[in-house]
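Asks: Residue strings, one per chain:
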Amino acid sequence: MTTTAGRRFPAFNFETYLQKNARQFVAPVVAFLIALIIWQLFSSVTKSLPGPIQVYQDAWDPLVICPLSVGNECFSLDGWRGGDVGLGWQTSASLIRVAIGYSLASIVGITIGVLVGASRLLYQAVDPMFQVLRTVPPLAWLPIALAIFKDSGPAGIFIIFVTAIWPIIYNTAVGVQQMPQDYKNVAKVLRLSGKEYFFSILLPSVVPYMFTGLRLGIGLAWLAIVAAEMLRGDTGIGFFIWNAYNSGALSEVILALFYIGIVGFLLDKLVGFVSTFISADK
Amino acid sequence: MQTLASPTTMPPAMQEPFLVIENVSKSYSTPNGSYVVLDGIDLTAKEGEFICVIGHSGCGKTTLLDTVSGFRTPTTGEVRVQGKRVTRPGPDRMVVFQNYALLPWKTAFENIYLAVHAVFPQKSKKEKTEIVKEHLAMVGLEEAANKKPGQLSGGMKQRVSIARALSIRPQVLILDEPFGALDAITKEELQEELLQIWRNHQVTVMMITHDIDEALFLSDRIVMMTNGPAAKIGEIMDIPFARPRNRAQIMEDPYYYTLRNHALDFLFSRYALH
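Those sequence lines, one after another, are chains A and B. To convert, note that position 26 of the first sequence is 25 in numbering that gives the first Met the number 0; the numbers rise steadily by one, no gaps. To convert, note that position 56 of the second sequence is 55 in numbering that gives the first Met the number 0; the numbers rise steadily by one, no gaps.
Treat the hints with care, since some could be wrong.
To be verified - If you anchor each label on the Cβ, the simulated ranges turn out as follows: (1) A21/A with S56/B: 34 to 44 Å; (2) F198/A with E188/B: 33 to 43 Å; (3) L132/A with E141/B: 53 to 63 Å.
Please keep in mind that the hints were generated in silico from the structure rather than gathered at the bench. A quick note: this is a predicted structure, and the numbers were derived from the prediction, not measured. We treat Cβ as the ideally placed atom computed from N, Cα and C, and that holds for glycine.
Could you put together the complete structure from these sequences and hints?
Replies: See the structure below:
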């Protein structure tokens, strides 16, 4: 969306752009302020949660200004080891798990999706099973994952994998099934080789569908990692939340929620950005 | 030993016509019995002949051409090109699809290159590039080589599609209502280009159209089909106008209207849709 707007204004003038789109910027800010006020009122009435002002006072120093802290040091590169480290390090530990699990889910999911989409028989064979499996909540996989891997690290990655893979499989399969007959006819009449067919026709026509799946997948992966880390783990943002809750630091919990939300939002935008980049010609 | 001389093992006769459609029928089984689309079609074409097939919608024109291109196998009968039985689609019987069937993520150049590369893999990259350029020039689209189909008009897309079809030197060119979606002016331009290309390439053409004037202008013979189901060839009309043809000249010829009225009478009186 922003790219087309940018193209429409070749001589980009930030000031006029801001004037024209003022509402677009002001409205979210106002909404956010109202939410803060409601939150503040809620906490001063119920006394159950710290309000925004309290959170700011508790968490600004050192949690917000030292995201890459280790122990009492505000900045240290040793944070990847885990332990008493800042939120930045915790988030990156979660992100690494998501990256591994999600990459595996993408590779396996796209492969299975192409196969399932290409073969009617295979689709009919596995569809009921997949439909059941995909409704299993991520956390229900945790005991299974722990039983298989005996370790929380790979178990977390497995949960990411098994949560993110279903939308990737299904959307890729639908993309293959929805491929216009015309493209298949071109391939048939030219007698394209398997490789040529895959790379010149199948893959490009499936890419938009695939990215829908990848985008849903990254959202689910991020949901799952936080939950998995809360139950079992020694690093990661989920672990941080649980740890903070157990030591009664509710302000830290709330700050971590902001982190999670913002990172999840950015991940979604990242996959969206990559998809516009790859299928720009569609 | 004498059984060897059975009629089915006849040697490929040299004098067999270039394209033979022999007793082709096509039926589909439905819950209410079999549904016959085509019923015993016999047609032959000489090499380099231009044949138009006309008939009402649903009369099985596309099915007939699909048996030539190989996208459908006839229930009975067979199609032979140069004595060889058609069993599946192949680049020797290239199709110009009704909705162009260009790949939207490839440029005009790349769309044609894909075909050239698939059919002539042994040629060098330079040779293949030359072929693509030559055929883009043939349809007057050098400028649009690097544009994707989304940036091209309908007429330009169909030009790319025709260039792609001819770039691989097919023996038979099959066109399924190629100009149906185009405006009248573009349509006439493309008809003239198609005629010129056909004359230069000496390719055998089978083309479906709804447009009697188009068929009269382009073809050597017009095959008029009866209404489906169980469509047959109702009549074949010879179009004797000299080539190269000039649209204005042909339309001044009184015989043009004799033929035209005859075709109209066939379609709208004898085989009118009820």
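Asks: Next, verify each hint and record whether it holds.
Replies: Verification of the supplied hints:
1. A21/A with S56/B: 34 to 44 Å: Given a distance of about 55 Å, which is not inside 34 to 44 Å, the answer is violated.
2. F198/A with E188/B: 33 to 43 Å: Given about 35 Å between the Cβ atoms, the range holds.
3. L132/A with E141/B: 53 to 63 Å: Given a distance of about 54 Å, which is inside 53 to 63 Å, the answer is holds.
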